[in-house]
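Line by line, the protein sequences give chains A and B.
Everything in the first sequence is counted per the numbering used here, starting at 1 for the first residue and increasing by one.
Everything in the second sequence is counted per the numbering used here, starting at 1 for the first residue and increasing by one.
No wet-lab data here; the hints were simulated from the structure.
Please note that a few of the clues may not be correct.
[Said to hold, decoys possible] Result set (DSS-like, lysine-lysine): computed pairs, CA atoms no more than 30 Å apart in a straight line: (1) B:146 <-> A:307; (2) A:279 <-> B:22; (3) B:22 <-> B:43.
[Stated by the list, open to error] Just a sample of chain A residues kept apart from chain B, beta carbon distances all over 10 Å, derived: (4) 10; (5) 143; (6) 154; (7) 194; (8) 298.
In this text the structure is predicted, and so the values were computed from the model without any measurement.
Beta carbons: idealized from backbone N, C-alpha and C, even for Gly.
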Amino acid sequence: MKTTVIGAYPKISDEQQDLRRALHRHDRGELDANGLSAVLDESTRWAIGELNWAGIDVINDGQIRWDDLLAPFARAWNGCDRGSLERFYDNNTYFRQPVITGPITTDGKTLVRDFEFARREARGELKAAVCGPLTFATLVSEDSHYRSLEDRTLAVADAIAAEIRGLGAAGATLVDVEEPALVAHPEHFAIARAAIERLAAAGVPLALQTYFFPADPLLDALAAFPIAQVGIDVRSRDTHVLEKLTRLRQTVVLGIVDARNTRVETERELVGLIEAALKRIPAEYLWLAPTTGLEYLPHDVAVEKLKALVSAVHAIGGVKA
Amino acid sequence: MNDQVLLTTTVGSFGKPDYLQKARNANARGKLGESELTELERKATEEWIRRQERLDLDILVDGEMYRGDMVAYFAERLDGFRLGGLVRSYGNRYYHKPIIASKVARPKPMTVDWFRFSQSLTDRPVKGMLTGPYTMLDWSYNEAYKTRRDAALALAEVVRQEAEDLQAAGARYIQIDEPAIHARPEEIEIAIEAMGVVTQNLDAKTVSHICYGDFAAIYPKVLELPVDQLDLAMANYGYRWLELFDKDPFTKELAIGIVDVHTHETETVEVAAEGIRKGLRYVSKERLLPHPDCGLKTRSVEESEEKCRVVVEATKLVRKELARQATPA
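Use the sequences and the hints to build the structure in full.
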């Protein structure tokens, strides 16, 4: 069993708002791009430090530079702009909808610099993350180039695959593919699978992170995806997925700490969920995580949630795989 | 004004003047007292009432100079809530997301004094402005209630009390915003049930503003929301929601958003007027109310004013066209 995190970490706390101030100053023209970048690096260092300090086994870089899950890609890719704001699934959090203006192309180096920075700062294991192709393709507001959702999703997949190759060359050994659209729109699973196959061809082990919606209808389908890990949120909706975990063939990243509610889970509650999972799958195939990015919580609660996660896993036996 | 068609209005909030923004920051740091802040809020409210009259808007709002966030404002005044730490909503915008920590109750009216004050400044109607129970729930963390329905109905009860007090204070329009109504389309029955609690005893015209989400996912079911008027963002969506009305006719009054609020630039009068013309294909001129897509609190005073100016000029342009059509040659 290992602990891990998914998605974005809070970028600021009530006490530490350097990044918020720096972005305001940058907007007003009082801070140049280099100055802002230095603050972004410092904030990334802070997030990585907190994740390491909390005792999370496999961390990410906190996605401090990501405005939203799609932003780094929509910004960097040719053929893609950032359009108007829209609600991100059932959250009171908003993202800029990508607008496709032509064929999507990338040099595959969008995330390399940030990964190398995080690699130098992080203690222990570090994983990278990308936006899932179906998630990106279904959240596009306008597309004047691709003729169908399938065409668009596969084109996005090719671009994401290039990013994964870039990350692999930079030393990444595990990449989260954040794909809430798969569980939000299970009807598109065949398209998602074709897309994920293209990502897998990049040769870096993938963790397909689904969240916000129940994975129940997709468990058998997910078992056949060419991925190392499947992330499952067991807190956001009613789900019976815990009883069906034997159907999966991959390592399960179980989202047991609700990253969208401030109520901090009791150790008993979390231990109960872990034990239920351990009845179905061996400990070496089980990782434990928050349900999604902790950025949906205020920083102080995010820290409490990490503590709850780590101490529940220790309480189970303190075994570190 | 009563025989006027295409009454113009706004969604509720306007940009705050610099002096008020500074005062709010100083107040948050404990460097400015409550009564000094309130004085400046009243000054800014009066300025916005005058501005709206000058712009020639028909149905006014108080501009929400005294509110930061549309849920947090109420959460701070209701028993049962506490405010959590900062959470990001998008870009570099953060808010204190409320936590429902125990059973909710309303110790005293929350908006009625502001309504009385702003209505006393003008002969034009000022809307009473509330946040709906489903949105209050969806934009808070719920630690206290077992189910989301339980929480929504408890919140509906306190919003009902406030709405009835606004009506007693003379409000002719009461707006109960539900921008989160499509956050979980499978829960629309809960939102409808909760709104029914709020509006059951109201004779005032009731309005609900809905924005930013998949409106198609809740249409036509949302027509069962017990309010007289739905207030929808349309410009930001290229008016695509109107096409839904081809299949299932729209049955309420429609306040139609004709300028995007999240851009620094404003559409031209002609582009905005075209939005009204599109709306007229589905809703009669007596039941169509042009306005900006959403609240303008993220814009400066000048930008807010400019967006309202375009709404009013576009409306006057279309009114003239309608008058010409009505006059026999």
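Structure-based check of each hint:
| no. | hint | verdict |
| --- | --- | --- |
| 1 | B:146 <-> A:307 | holds, 25 Å |
| 2 | A:279 <-> B:22 | violated, 58 Å |
| 3 | B:22 <-> B:43 | holds, 14 Å |
| 4 | 10 | violated, 8 Å |
| 5 | 143 | holds, 13 Å |
| 6 | 154 | holds, 24 Å |
| 7 | 194 | holds, 25 Å |
| 8 | 298 | violated, 3 Å |
Checked against the numbered hints listed earlier, the structure breaks hints 2, 4, 8; every other hint is satisfied.
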